[in-house]
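Here the structure of chain A is known, so what remains is to put chain B in place on it, guided by the hints.
Chains as they are written, first to last, in this note's numbering: chain A, 6 to 237; chain B, 6 to 237.
The set of hints was computed from the structure by calculation and includes no laboratory data.
Hints are all accurate, no fakes.
Copies of the same chain are indistinguishable here, so a pair counts whether it falls within one copy or spans any two.
Derived SDA-like pairs (lysine to any residue); straight-line CA-CA distance at most 20 Å: (1) Lys56 <-> Val78; (2) Lys56 <-> Glu41; (3) Lys56 <-> Thr94; (4) Lys166 <-> Glu109.
Number of protein chains: 2
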Amino acid sequence: MTSESTPGGPLDDPDYRVGVVELLGLLGFGELSAVEELNEDAQQAPDLATKVAIHTMAASEWRHFVQLRDRLVELGEDPYAVMESFRATFARFHTRTETSDWLEGLLKAYVGDGLAADFYREIAAFLDADTRQIVLETMSDTGHSEFVVDQVREAIAADPKVAGRLALWSRRLMGEALSQAQMVVAERDSLTALVVGAADRPGGFDLATIGRMFTRITEAHTERMGRLGLDA
Amino acid sequence: MTSESTPGGPLDDPDYRVGVVELLGLLGFGELSAVEELNEDAQQAPDLATKVAIHTMAASEWRHFVQLRDRLVELGEDPYAVMESFRATFARFHTRTETSDWLEGLLKAYVGDGLAADFYREIAAFLDADTRQIVLETMSDTGHSEFVVDQVREAIAADPKVAGRLALWSRRLMGEALSQAQMVVAERDSLTALVVGAADRPGGFDLATIGRMFTRITEAHTERMGRLGLDA
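Just chain A, with the same shape it has in the complex:
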């Protein structure tokens, strides 16, 4: 069942393998980090039903985390050591996007969930079958953040000024996410080559390919914000 047992498989390429391990570590730390952010949001929920909706999102991210972690173990890696190397990336993002109220927290969860799904979709095509399987399973278990749409729309209906503030907030989130992503690109060649599908192309990747990926993700974000009633 594992690629480990497939001699001559893509994971025999050391560069590809480093990329996959880093990818799983990045996604894993990201999911764990999302779980912890959602747990903090849940503490602020105005009622039990909303609190449970937040915990339901967190439970879904937790399942993703477990799948990614288990895949790292299957590949013979120490999953926590691999993930640990991405701690600084997420710490920087979270420090720079500390939420000041309940709605900002909700929106951050929603934006993060959406960006993760877009990113998973971008990379799925470039992965070996086993790794892709995990990414697809992870993506299929979404939709738990849809209740955010109602909450944000209600808040805007009750006070239209909220829309401007949240639109600014969503731009800040996106800006910080892209800035951290660019640092990862600068630091991790194998991971970047994998993500933009350049691992098997001679000459590797160029910055334009990465730029196009970031543009697609930004466009999807803008569309999502539109559904919330926000100008992104």
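Coordinates of chain B only, in the frame set by chain A:
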């Protein structure tokens, strides 16, 4: 599949039904409350592997919560309204047992997990088949707190004075748990009758029956503390 569709089943007895609904609400709020306590503990974990072990416990409590909540929905109840009525009980317990460090948090999680399992075992025999099924499924999914045993034993090995402090702490936890349980007994006749198996006995329950149940639970707690190297 539900008892709802069984005319003449035990849930047709209004007193039994009230008891079951309250029981599910009590257990549900307890599980949710455990999830939130564990989430706070996880923030203090000394490393990623331990953090993940705590989240694994929380994920297990969360699954219990979902089963209990869904059963309340099946019974036609508003699960959050039912659970909400137990908020004060758990708030009192948690206020009086606020943890001052990582080891106290770990021990509280372990003690709570053990007490819950003992309590589930006590009541399983007195429940209708559907409700019992949920309680048994919930109990079968345990063992995630066993890593606490190692952590506590290591801490005591490193500093034997820790044992005295934690033994005091565990007595305080047990005392507060019993005191809250006694308040529930005083306030909830149908629930209490159900829990001590008196729902179908003429004359209902007497305090001696309840006392014996508390004694059995206390003995199991003492035994568990012994395994940790603590005098309870």
